[in-house]
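K.L.:
Residue numbers (the working numbering), protein chains in the order written: chain A, 1 to 484; chain B, 1001 to 1099.
There could be a bad hint or two in this list.
[As the list claims (entries may be wrong)] Derived lysine to any residue pairs resembling SDA-like cross-links, with alpha carbons at most 20 Å apart: (1) K395(A) - T422(A); (2) K1096(B) - Y84(A); (3) K134(A) - A1055(B); (4) K74(A) - R1063(B); (5) K1096(B) - L1079(B).
[Unchecked claim] Facing chain B, according to a computed beta carbon distance under 8 Å, are these residues of chain A, among others: (6) N53; (7) T234; (8) D272; (9) Y275; (10) A288.
[Claimed, not checked] To list a few chain A residues with every Cβ distance to chain B over 10 Å, as calculated: (11) P40; (12) E161; (13) R359.
Source of the hints: derived by calculation from the structure; they are not laboratory data. Backbone N, C-alpha and C define an ideal beta-carbon position, used for all residues, glycine too.
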Amino acid sequence: MNAWEIVIGLETHAQLATRSKIFSGASTAFGAAANTQASPIDLALPGVLPVLNKGAVECAIRFGLAVEATVAEKSVFERKNYFYPDLPKGYQISQFELPIVQGGHLNIMVGQGEKSYEKRIRLTRAHLEEDAGKSLHEDFHGRSGIDLNRAGMALLEIVSEPDMRSAEEAVAYAKALHALVRWIGICDGNMQEGSFRCDANVSVRRPGASLGTRREIKNLNSFRYLKEAIEFETRWQIETLEDGGSFEQATVLFDPATGKTRAMRSKEDAHDYRYFPDPDLLPLFIAAEWIERERAALPELPVAKRQRFISDYGLSAYDAATLTASLEMADYFEATVRASNPAAAKLCANWVMVDLAARLKREDREISEAAVSAAQLGGLVARIADGTISNAIGKKVFDALWMGDGVNADEIIAKQGLKQITDSDAIEKLVNDALAANPGSVSEYRAGKEKAFNALVGQVMQAAKGKANPQQVSELLRQKLSTN
Amino acid sequence: MSLTILEVERIARLARLEVTPAEVEISCQQLNGIFSLIEALKAVDTAGIEPMAHAQDACLRLRADEVIYRDEDGTARALFQSLAPEAENGLYLVPKVIE
C-alpha cells in the first residue's frame, strides 16, 4: 500500500547535423573563436530576415519517418517570447501549434539479459527551433560574457509522452533515441559538446491516481546524470509527500557535484511565452514527394535490423538489440559474419558483444577505433567454427591480432603453432600421461568427485598448451575412466 | 473583452517596457479600442474556415544548407562589438545573469 508510481516524460534537444544555422548562413562548426560565427541574423540586427535551412527540414522529415510519426504537410514557425541575453531577438523561433513531426513512437529495450523487456514509448511531437547562445559567468568583473556562436543552431526538440515508469526506462529511452538520431545521421550525438541534451519531467502518484505535480529537471547532458537526477528527484518527491508536505510545479537544476536537484525559477518569473506565428516566416509546406525521397534515402532502421538479425541469424532478442545499439556496431557485426560464415553468426555475436566490447571498454575506444577489424575477427571466428582452434585459443589469437602481431588469424595460428590437436592418437597419449601422473585425481573421481574430472582435463590441456580439442579430451577421459 | 490596468502593467513588464501610470491609462484605452475592432471581426461567421498563419497565402522559401557567412578573422565581430555597450575577448558583456 506504500507503493508509488513514478511517471517520467522526456524533452530532448538534438542539435541537427547541418553545416549552417537554421535561419542564417553562419557555420555550425564547434570550437570557433567567440562570436565569429554570429551573423547579423543571429545577432538580431535591425532589418534582417530569417530564411529556413532546407537541410534542417530534411533532418526533421527523416526523424519523423524513423519513428513512424506523421510528417506534417503544413507546419508553422512561431515566436516564443522571453528576455535573456543569450537570445538577442527577445524571442526564440520555434514551433508550437503545428509542429513538423506529430506523434510517433520508439521501441526500447530495458534491462539486461533475461530480465530485459521491450516497451513502446509514445512520442507527442518533434519540432524545429533555434538554439540560444552561451552565457559565461566567470571572470568578467561581475558581468556575464555572451558568445552567440551557438545562437541559431538548428535543434529538433523531441517530446515524449509520460510513458516511462523508472529512471532505468528513461535512460533506456534516451539511449535508444540517441542511437536513432546518430543512426539516421541527423545529429552527431556528442553529449559533452551539448549536441544531445534532455529535460526530464518527473512526478509521482499512487497507482491508478491522476498525474501528480511535476517538476522539470533541465539540461541533463549525460545518461548518468539523467539517472541520478531522476532517482534523487523521485526520492525527494516521495519523501516530501509522505511527510505530509506538498510542492509546486517548478523547473529544477541537477548539480552533479552534490547529486541533488534544486529549484531554479521562482513563481514570479513564471514564463508567459506569448507564442504567436512569426510574421517573418510563411507556413512550411512539405510535399508528399519530398517525404518519399527522404524515406528512400533512409538506412535500414534499428527495429527492422533487429528483426532481421533474429530471423536471419537466429539471434536472441537481447543479442539483436545489443548489436543494433548503434549503426557502427551492427555494421561491424554483419561484416564479421560475412568474413566467417552465416552459420557462425551466433559465435560472431558473442565475440562482438563480449570479447570485442570488453576490450574496447578497457581501452576506452569506440568501435570505429577497434584494433581488430571485422574481417580479421570474422577470419578468427571461422577458425573456431571449423575446429582449427578452440574458443580459448581464439582469445589468444584475438589478443595477438589486437597487438598487431599478424595480419590475420591464419598467420598467427601458423606462426605461433596454435592449431588445435585433433589427432586422436596424440590426444590419447596426452590423456594416458595425465592419468598415469595423477592417480590421486583418478581415485577421487571414482569416489564420485566430479571436480577431480575437471582437474584431469586441466592437466591434459596444460600438457597440450591449450591446443587439444577440449571436447575430444573430455570424451576420451570419460571413456578411459569408466573402462579402466 | 476588455483589458484591465493590471493586465496592461503585466504585459508591459513581460515586454520590458517602462511605462508611467499615465501611459498605462492611455495604453489601456487604446488597446481596448483595438479590442472593440476585434469584437466586430469576431461577429463574422468563420465556422469551417482554416485559420491562416500568415497574411500572405504563400509558402515558405528554403535555402540550401551552405555556409555563406564567414568571419574567421573577427573583422565583422569587431565592427558589431563597436556598437555594443561593452565587449571583451570577443564576448558581449551584459549585467550578470545567473540562475
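K.L.:
A separate judgement is required for each hint: does it hold in the structure or not?
P.N.:
Right, here's what the structure says about each hint:
Simply put, K395(A) and T422(A) have alpha-carbon atoms about 19 Å apart, close enough for the 20 Å limit, and the pair holds. Of the pairs offered as hints, the one joining K1096(B) and Y84(A) holds, with about 11 Å between alpha carbons and a cut-off of 20 Å not exceeded. At most 20 Å may separate the alpha-carbon atoms for a hinted pair to count; K134(A) and A1055(B) exceed this at roughly 35 Å. For the given pair, K74(A) sits about 18 Å from R1063(B) by alpha-carbon distance, which is consistent with the 20 Å threshold.
Straight-line distance between C-alpha atoms of K1096(B) and L1079(B) comes to about 24 Å, which puts the hinted pair past the 20 Å bound. For N53(A), the interface hint holds, the least distance from its beta-carbon to any beta-carbon of chain B being 5 Å, beneath 8 Å. Taking 8 Å as the C-beta contact cut-off toward chain B, the hint placing T234(A) at the interface is violated, the least distance being around 23 Å. With a least beta-carbon distance of about 6 Å to chain B, the hint placing D272(A) at the interface is held under the 8 Å criterion.
Annotation: interface hint on Y275(A) violated; nearest CB of chain B at approximately 12 Å, more than 8 Å. For A288(A), the suggested interface contact is broken, since its CB lies about 14 Å from the closest CB of chain B, more than 8 Å. Under the 10 Å C-beta cut-off, the non-interface status given to P40(A) relative to chain B is violated; the minimum distance is some 8 Å. Under the 10 Å C-beta cut-off, the non-interface status given to E161(A) relative to chain B holds; the minimum distance is some 26 Å.
Chain B leaves R359(A) outside its interface by the beta-carbon criterion, the shortest separation being 38 Å against a cut-off of 10 Å.
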